[in-house]
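Those protein sequences? They're chains Y and H, same order as listed.
Per this note's numbering, residue 1 is the first one in the first sequence, and the count goes up by one each step.
Per this note's numbering, residue 1001 is the first one in the second sequence, and the count goes up by one each step.
If you're looking for bench data, these hints aren't it; they were derived computationally from the structure.
Being a predicted model, the structure only gives us computed values, none of them experimental.
Don't take every hint at face value.
The calculated lysine-lysine pairs, modelled on DSS-like cross-linking and capped at a C-alpha distance of 25 Å, are [what the hints assert, rightly or not]:
(1) Y/Lys133 to H/Lys1089
(2) Y/Lys76 to H/Lys1089
(3) Y/Lys137 to Y/Lys3
(4) H/Lys1009 to H/Lys1038
(5) Y/Lys76 to H/Lys1054
(6) H/Lys1038 to Y/Lys93
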Amino acid sequence: MKKPTVELKLPIIPNMELIATQTAEVIARHMNLTEDQSGEISMALIEACINAFEHSKAENNVYIHFLIEENSLVIKVIDQGIGFDKTKVEIPKIENKIGHDERKRGWGLQLIQELMDSVEFESNNEGTTVTMKKNIK
Amino acid sequence: MSDFITSVKEMNGIILIETNGYLNNVGGEEISAICYEKMGLGQTKFLINMAGTKIVNSIGVSILIEIIEKLQEVNGKIGYYNLAPIVSKTFNIMGLTKYSTVFETEELAVNEL
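Modelling step: build the complete structure from the supplied sequences, incorporating the hints.
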């Protein structure tokens, strides 16, 4: 049997990430995930959406696919922007930000990786796909 | 008062700010505007009641880091209470808890900040 999927197409408009989190909450309830797991998924999704909206310089839509699997929820956030090189993204540390000129932002990837069980990035100059997985425990 | 900032009051020399809804860049800037205005009047202690804020993003939280930095210049302090578990976890991951304090209740926050 085909695995259930939910697909969203979000225009790049401020706060559209909240549509993704509302969808994620419904799916999390369907999958009997805990409140903590649901919150972690929503937070990671917000950050992945913001990256797609702001940093990718994509001009059209961002696509989000929720794949409901037997033992996990897989979420793909897909943009058609300029892509990025993950090896050039520094791990942020608050010690380097407070009292220094370093910009205070730049936490998105770190949060996604901390909050999800696995994260993969596929990126080239035609776009980026972030694949995030939360296991059912 | 905006939709996001629902209350600003003073208690025992501490400015208490109550928020409601999504802490994004707009919400973060509303908090910072109040903090900087009050700092200009000599206030150095701030508490944010986040009972109504169940969801945040890293841009909004980054603005709290800017406030912490400015408060360090005047030996000030900021704390938060009534945090949702994911908000608390986000603050931990971003390291805010190294430079500011999360309290369980308003009473503890006001007494211990």
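> Are there hints from earlier that the structure breaks, and if so, what are their numbers?
Replying inline: 6
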